[in-house]
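We have chain A already, so just place chain B on it with the hints.
Going down the list, the protein sequences come from chains A and B.
Per the UniProt record's numbering, numbering of the first sequence is gapless, rising by one per residue and ending at 526.
Per the UniProt record's numbering, numbering of the second sequence is gapless, rising by one per residue and ending at 328.
Derived DEER-like restraints, expressed as beta-carbon distance ranges:
{"#": "1", "chain 1": "A", "residue 1": "507", "chain 2": "B", "residue 2": "192", "range": "37 to 45 Å"}
{"#": "2", "chain 1": "B", "residue 1": "154", "chain 2": "A", "residue 2": "31", "range": "38 to 46 Å"}
{"#": "3", "chain 1": "B", "residue 1": "313", "chain 2": "A", "residue 2": "378", "range": "45 to 53 Å"}
In silico lysine-lysine, BS3-like type, Cα no more than 27 Å apart, as pairs:
{"#": "4", "chain 1": "A", "residue 1": "121", "chain 2": "A", "residue 2": "183"}
{"#": "5", "chain 1": "A", "residue 1": "174", "chain 2": "A", "residue 2": "200"}
{"#": "6", "chain 1": "A", "residue 1": "83", "chain 2": "A", "residue 2": "142"}
{"#": "7", "chain 1": "B", "residue 1": "189", "chain 2": "A", "residue 2": "200"}
{"#": "8", "chain 1": "B", "residue 1": "63", "chain 2": "A", "residue 2": "183"}
{"#": "9", "chain 1": "B", "residue 1": "189", "chain 2": "A", "residue 2": "204"}
{"#": "10", "chain 1": "A", "residue 1": "221", "chain 2": "A", "residue 2": "83"}
{"#": "11", "chain 1": "B", "residue 1": "189", "chain 2": "A", "residue 2": "203"}
{"#": "12", "chain 1": "A", "residue 1": "108", "chain 2": "A", "residue 2": "183"}
{"#": "13", "chain 1": "A", "residue 1": "462", "chain 2": "A", "residue 2": "154"}
{"#": "14", "chain 1": "A", "residue 1": "154", "chain 2": "A", "residue 2": "121"}
{"#": "15", "chain 1": "B", "residue 1": "63", "chain 2": "A", "residue 2": "441"}
{"#": "16", "chain 1": "A", "residue 1": "92", "chain 2": "A", "residue 2": "174"}
{"#": "17", "chain 1": "A", "residue 1": "310", "chain 2": "A", "residue 2": "354"}
Calculated from the structure, these hints are not laboratory results.
For each residue, glycine too, the CB sits at the ideal point set by N, CA and C.
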Amino acid sequence: MRTQKTFRPVATGIALALALLSGTAAVHAQTRGGTLRAIAQPEPPTLMLGLNQQTPTQYVAGKIYESLLTWTPDLKPMPGLAKSWTVSPDGKLYSFELQTGVKWHDGKPFSSDDVVFSVDKFLREVHPRARVIINQFVESIKAVGPNKVEIRLKEPFAPFLKSFVSDNMPMVPKHLYDGTDYKSNPANQTPVGTGPFKFKEWKKGSYIILSRNPDYWQKGKPYLDEIVFNVIPDAASRAVAFERGDVQVVSANDVDNVDVPRLKKVANTKSTNAGWEMFSKQAYIQMNMRKPPFDNLKVRQAVMEAINRKFVVNNIFFGLGKIATGPVSSTTPFYEPNVPAYTFDLKKARALIKESGVDVSKTPIKILSYPYGATWDRLGEYTRQALEQVGFKVEIESADAGTWSKRVSDFDFDMTFSFTSQYGDPALGVARLYLARNQVKGSAFVNNQGYVNPAMDVAWDKAAAATSVEERQRLYSTIQKTLVEEVANGFLFEMEIPTMYSAKVHNLTQTAIGLNDTFADVYIDK
Amino acid sequence: MKTLSFLFSRIGKAVFVVLGVVIVNFLLIRLAPGDPAAVMAGESGSSDPAYVDQLRHDFGLDKPVWMQLFIYLRGVLRFDLGFSYRERLPVLDLILDRLPATLLLMGCAFVFAIVLGLLVGVISSRSRYQGRLPWLDSVLMTVSLLIYATPQFWLALLAIIFFSLQLDWLPPFGMETVGAGLTGLAHAKDVALHLILPTVSLGCFFMAVYARLTRASMLEVLGMDFIKTARAKGVPVGEIVRHHALRNALLPVVTFAGIQLGQMAGGAVLTETVFGWPGIGRLLFDALMQRDYQLLLGVFLVTSTMVVVFNLLTDLVLRFVDPRIAEA
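Extracted from the complex, chain B is given alone in its bound form:
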């Protein structure tokens, strides 16, 4: 029951947060000079201002800004995110068409990052805690630091050059083999192959973060008195690490991972661009470059909703990992 009322109050707040984000974005976008009509006219090399005015009228840009905002918000409340005049399709359709690809990529990258990050962090902390294989800890942490410091797009390009161009193991772009007409399992395998490079490129940075975080948090817990007690009682180190330390060390990692899911959506813009992944990140980028206001706002709305939802889920997970949080 407590969880339910907690959930409702959080959702109520979340709606306001998202609306606020939309309004602020709406106003911020208008601060940038230029509009979709100007960009489109530029692209077609037009020399006819009457045409540009006609475009502005079509886009509804000749109305006062507050009126445009009002019309937009009224639409949003009815789940109508407007019409992209550039793509000539409803914004919601465009976004729903692209969202699954992004969620798939983010989901895989997230799982990759958290699993590998935890693993590396635990191994690293254990090697240090036990004092065996001391070089392992240094090696793992140096590699993590290196990955952490490497720009994502550069890593992505290197991965393409090495695994696609040199070794020819993995496809360098796209989500599937175009025109191959694969179905069922063959199609799933095809998508999975295409997924590997973008997943690793996007996930690596976060993996490094989680590895270092897990290690630090593990070492902190391993230094606590109850662990000493457990050791004194003769509990094997493996069990102490798994049962006693990890569960406690998990808290900061989960909190951080929840926050970072939002950041990951940002990283997806780059990854999707480099790998030609047909996701929402690229939709955002294109919409921004072309000043496609309605589409841009639509993507902002959806991504901010995603961040809010992720945070909500994080809180729920935290309550599950550590029931004491429910009291607070």
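With the rest of the complex left out, here is chain A:
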């Protein structure tokens, strides 16, 4: 039974690929040629995807570098640089069969040695997220032939395959990096990957141009000749560039939320929310539980009752979101809808505060503003007002990115906001925010609020190691119910990040990583 299960993804992948092929052949041939114009915002500091994982780096360099797998929107694995893969019944041995005839952009062949180098040496040292997984779980990585790699884990880790996406485990060329100082290697300036697009030109502050890789391993792809990423630092100017048709793709990350409804109405424009399934970003309130008043559960529950999340989504974030029920986004596997609900009830909020025995007017709180644009400032202002309605004394402290990061990672705050990616599995993107042992000073996006529940820690670990889906679901359901009940964070909303694009452009967001994928299938009508 179990061994069969492991082959299912391969079968689905092949079936899907066939369906895609036959489907497109039936409609009309995809046109070759053309330049796609997009926006890189903010300008990535480097295009070496192994060394930097900012969203724009993933977006641009995701066309240059590839990983072993790519993921369907419903989070099923599809072949990437790996043709097929198997997982042993005990969940500890992963074998990958690589594609043949793959070449690096400098012409050297890609082989299993590159995979071993990338995972075992390069990423283990420099990748902020992948190295945590590799160091904790991977026992050994071996090349068993030029096209076969075996990875043995110390203990089972169910979402391990999900690490093999380009932003998390990009394959880097051994022949350029082995034995060098990775961070100052001159090769970082002219990135070499296996992807459908090659690095062509980068004028810092102006644009990045990628050109078609004629030797790409998927014959006949990519369709585009070039991709131009314009660097336009001002959000209003980016919106204008899209309206004028100077760029054909713009995501809601590139423009202010207030512009999104207008841009959706630009003539011959399409819009989609697809392509964020792997990330399923969720926004939440962090309340520092190490000190009063938020060490008191009733006070935290009162906060949840006092905030009108529907208002937040519709009026502050211009409708770009969906109220979150708990820590796991509804687009992520193991989501549990049946959790205690907070319904925006001021009476209840006041009652909860009374029950708590805390005099909130005597313990004034400060909201540390979240430095990612005016929308978050508005959220801070709204929250202040909402909390004052039920008797809190609130002040707002402003911060820039450096200050915010420093203070949150030093646990030096009362209340702040945050959003983070879930990486397609609770064990990858959610657990880190709630494990008691993950209260490490010096890093934001961990358990900075100080949530402690030993029973939940055990459940998280069990769920990550469990090899049966049913067992994992059972554990994650319990976890979600408890975390919502105990307001481990103030769950606000699942973020919607629409992509607006010219109707002439096709196949932009086909996978779970959407715009960050390779664009091998993207084409433009002539």
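Same frame as chain A, but now just chain B:
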């Protein structure tokens, strides 16, 4: 000879000013909480403090502050402005790559502002002095005041919406048409077209200042006795304005313009951001947001040097306009 020794003493002082600026900046930046390692870790959603510590070690941030300052200053004296770990390039390369764009923009905006400002100021003062077309003076000065009071970025955005979006006359962002592969004259024309909106947006504010300044200064000179004498002798008004008044009225304008060149570098941050102009102002802004210390200090060093040099040039120009200044 006098000019030369004046120059040398000024340059000597200037070096100390710039070094002082660098040291003060260095210390000020450290007063802000957070560092590049924290920002980078935040951006990548990292949850591994060992990684952040490793970054700090790479950046040299684990050394005591005085030691970092010493290492930095030692480098500066050898024209080594350090390495931007974020951009993974030497700071000097990054700055030299961006400086020409800023100098071009500032130069054009400055010429635009001073030429148009002088023109408007002279026309305005003349219309008032002669009492002909009295409404012209009011109109010009009201418009100047309006421009003076309008925030630069707002003016810039309006210009984009009107000239790029509505009329489609001018490109809204960038320094050239990307990927067009233009060369020679065609390229120059392309850059010139891209230059118009940012130049006007950046220059307008200063134009308004110079216009009002020129007008006030002209009217003051025109009220003096030697002008009355000239008029009594029958010199035509045009000639009086051009030869007698303007040269004298120029002094305060030049002084002010020299000081303002430094301010213009500040205005360039906004203009470069709105128009996606690949200059040093934006480099500064990005470096600040990302706490890229070495790059930030490098930009400060270069901009403060620019201000010092502009002031020096202003003094030289003033000596040329009014030779009496040499005595002082």
